[in-house]
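Got two chains here, each in a separate frame; can you build the complex from them with the hints?
Sequence lines, in order, name chains H and A.
Using our numbering, read the first sequence as starting at 12 and increasing by one per residue.
Using our numbering, read the second sequence as starting at 144 and increasing by one per residue.
Any given hint could be a false lead.
Okay, derived cross-link-like pairs now, DSS-like style, lysine-lysine, Cα gap no bigger than 30 Å in a straight line [unchecked claim]: (1) Lys377/A to Lys197/A; (2) Lys168/H to Lys328/A; (3) Lys23/H to Lys85/H; (4) Lys23/H to Lys233/H; (5) Lys233/H to Lys228/A; (6) Lys168/H to Lys228/A; (7) Lys295/H to Lys377/A; (8) Lys53/H to Lys377/A; (9) Lys328/A to Lys53/H; (10) Lys233/H to Lys53/H.
These aren't lab readings, by the way, just hints derived from the structure by calculation.
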Amino acid sequence: MALDSMQEIFDKIDRFGKPFWEIVLDTDVEERQVTREASFEKMRAAWRAMLETDDTYRADRRSVSGLVGGDGRKMRDYASAARTLSGGYVSEAIAVALCTGESNACMRRIVAAPTAGACGVLPAVLIPLWRGGQASEDEVVEALYVASGIGAVIGYKACIAGASGGCQAEIGTASAMAAGALTALRGGGPAQIGHAVAMALKNLLGLVCDPVAGLVEVPCVKRNVVGAVNAISCADMALAGIESRVPVDQVIECMGDVGRRLPVEFRETALGGLAVTPFGQEVKRQMRGSQA
Amino acid sequence: MILFVMTKFGKGPTDMLDIFDILGPIMVGPSSSHTAGAVRIGNMARTLLGGEVKTAHILLHGSFAETGQGHGTDRALVAGLLGMKPDNLDIPRSFELAKEHGLAFDFGVIQLRDAHPNTAVLNLEDGGGRRLKMQASSVGGGRIRVDKLDDVDVGFTGAFNTLIVNSLDVSGELAEVSRELSGAKINIANMSLCRSRRGGAVLMVIETDQRIPPVVRSLITELPGVARTTYYEKEAE
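Just chain A, same shape as in the assembly (with noise of 0.2 Å):
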């Protein structure tokens, strides 16, 4: 596993707290990690499907799985593949929710070596026969970090707007994406790259200041080498 991280700030990016991390969010309790935390994961897991939730096989590991259904973590995840943010009078009744939304789940407890405490892997389909695997954690005050995305090893937030791309491992790949992104006046904030072994799939992970247009993301789409582009827009202020 080969692991490329450039940063401009010289820090990850989940060290970059903002003061609205730290006096927020504005949410429904218990729990912010366990609860607030949780309905993101769901909610990102649910976005990088790219589609409607219809079944979900959800592994809760450390604290998620002592302490996770006290805390609502449960009806948080699914709360969250609803579509749902963390301040949702709703989420207590997001497994009714599910039923009437044609949404299968169900909880298991699963052993991870070196993983961050409260953290998920969610195993996910649509109706149309697309999956995704995600492992995330909720690293305090409601904040979240993708850890694994179909088990290659990642590390982004949802703090920024975030584009995957999942390309083959040619030269001059990453020059190619990051030159559309400039020709759109889009800041990258952080970049990695990552691949199982030379020569095969890359995932790209590109952190941006601005919105990614679609017009910019179908352009990301259509460049020679790239399988599919996947887009987390980061919540509205």
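Bound-form chain H, shown alone (with noise of 0.2 Å):
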């Protein structure tokens, strides 16, 4: 896409007085010579796929290896009974993570943003809001081109996969577009969706890629939370005119230059991190064994 940095994206905003996400939805016209309506209406397509399923998480479907499921729902029964400490909004973003995570695990449809195994972080923002009635349908999916434009500059400028970039490079992109998302439906100007982006990215910096059995189970689908709770919470602290000290596109650049530092074993190998602790080596033993 010819959104290569942030602040060409920001240039784009001043020249031609258009909000981000129109942007992006100019670029994504150019690019692949549709018309704005096929844009949007694919767009619309995206978000309601991601709303088919959270719609249709059930609780007792588990994963491959039997170690995801049902917690969706945990949190869900939970929130309606006690006091949370996080709060209402808060807790169900937790909760649509989980079912999201949950739901690609068990091989369910889902919308990989910007890749499965980061495919609960921005329903989890959105869909609360959405069905608490905060955001009209169009505003959530021009907040998802705000989302999707972040997340092309950082594929561009660094990457998105965390064969190549750890987990920093899915949740962590993830939740930056998630931050740059909500800060935009929130009415923040594209500084604002800057900082968020760049908070969000860094706070997640590093964050290695080490699923148990290398499945996309153990602890991709919790780090969905953690990547949602995070972009709240950078949004929020954009919202409240706090700035990242490092310019958002050096915090891209940066991600993109740990990813390549990282060792291989903390790159969806499976052969560092939490995946040979010895409860990991004992399913993926296990796992071996059924297969055998």
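And the structure:
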């Protein structure tokens, strides 16, 4: 995509006097040679697919290893029965992140955002706002344009695959996309969006990809929760006027650099981190045994 | 090996992320690189073979070898060989479906030098003696790159309509092919020309913005010096 940096998006916002989401839409229309309506409807379809994943969640489904399933329901039950620490919006964001992540592990249909392992982050922050009547569907779709523009820049300047850059490249990128989307949704300007992105990415810098038995299950599902909650706090910070000291494009390049320097053990190979704890090795042994 | 790459945008094709590579694909889990990308690799190989796959010998490299099984990479590759797309809820059942369709497959491990961590090498045969060896990698977010075709270095992604022309190494061949395309008002997005030695066979990989209709493809196939053409049409929006 022809958006190579956050600065380029900011420059275009200034030059054309359009909001962030519309600059991303214009770029898509130009790049893919489609109409504005076709682009917008394709984005709406992605949003509805996110909703469908959550709507069709079932707590009795289990993943290949049996390690994942049912936690989304537990979170919702707890949130409706008890006084949570995190409050209504954040509790429901946690629940949606879990439900979507679990659905992915159970080979259900999800929207990769930017990857399948990180598919729960954007729905987690957006679905509760939409269900609560705090955002219209069109506003949510516009926020998804903001998110995807941010993700495209990160994909171009750094990386979005765990095998290339570790979990920071997946959950980190998803969290940055979600932080920017929320900031835009709440009326933040381009500079605030940039600060939200920078803070979200910085907070997860260095996060390794160390899946137990190599599966997108442990710790991936719950890291969607941390990506969502990090995004919410970074958006709130940016909206409060708090700024990232390191400029956003430098943070993005830094994430790519850290990713390249991560040992291969921490890039989705399941040869390091939680994957090689005694628990992780036991799961791997059991998986091998069950396949023999 | 001589590899010559032209691109209009000054960036390699794999760098061209559109926003629906980021917000998407809509896919069956659990992994965009290990499941959706693997389905696309299988589907690309099936298309380039140009017929029903009867036998498939598949070698996995790097992270595909280390963590592929648990991600359903094996099932996803076979699903792609059967023609499935990444959002097909039958992907988990592909081994059973392969049996029904008479597709025999086996898996092995390979260690490649300078390959992307998520790489597979597929050796395919159809029933009629046609063979294809394809090395491809899943480069993130479900996007793929074909790295080698029958041991010749290439580098295309399936993000464009892609025409592969096997031709003799004679001067002017490229001009002839591009004349046919421009005559049909088909815009070339990226093009690469690969050959193993001077005077040897040449592989032209042409990525286009527009679809290439069958009539234009047969005009190119009939050009003197062209041995055969293979066409991959990009996934529908």
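Checked hints:
Distance hint between Lys377/A and Lys197/A is fulfilled; the C-alpha atoms sit about 24 Å from each other, no more than 30 Å. Restraint check for Lys168/H and Lys328/A: the C-alpha separation of about 34 Å exceeds 30 Å, so the hint is violated. Our distance criterion of 30 Å between C-alpha atoms is broken by Lys23/H and Lys85/H, whose separation comes to about 45 Å. The hinted pair formed by Lys23/H and Lys233/H fails the criterion: a straight-line CA distance of about 37 Å is larger than 30 Å.
A C-alpha spacing of about 28 Å is found between Lys233/H and Lys228/A, which places the hinted pair at or below 30 Å, so the restraint holds. Between the alpha carbons of Lys168/H and Lys228/A the distance comes to roughly 29 Å, so the proposed pair stays at or under 30 Å and holds. Our distance criterion of 30 Å between C-alpha atoms is broken by Lys295/H and Lys377/A, whose separation comes to about 37 Å. This hinted pair checks out: Lys53/H and Lys377/A have alpha carbons roughly 17 Å apart, not beyond 30 Å.
Annotation: proposed proximity of Lys328/A to Lys53/H holds, straight-line Cα distance about 27 Å (limit 30 Å). The straight-line distance between the Cα atoms of Lys233/H and Lys53/H is roughly 29 Å, inside the 30 Å bound, and the hint therefore holds.
In the structure shown, a violation is registered for the earlier hints numbered 2, 3, 4 and 7, in ascending order.
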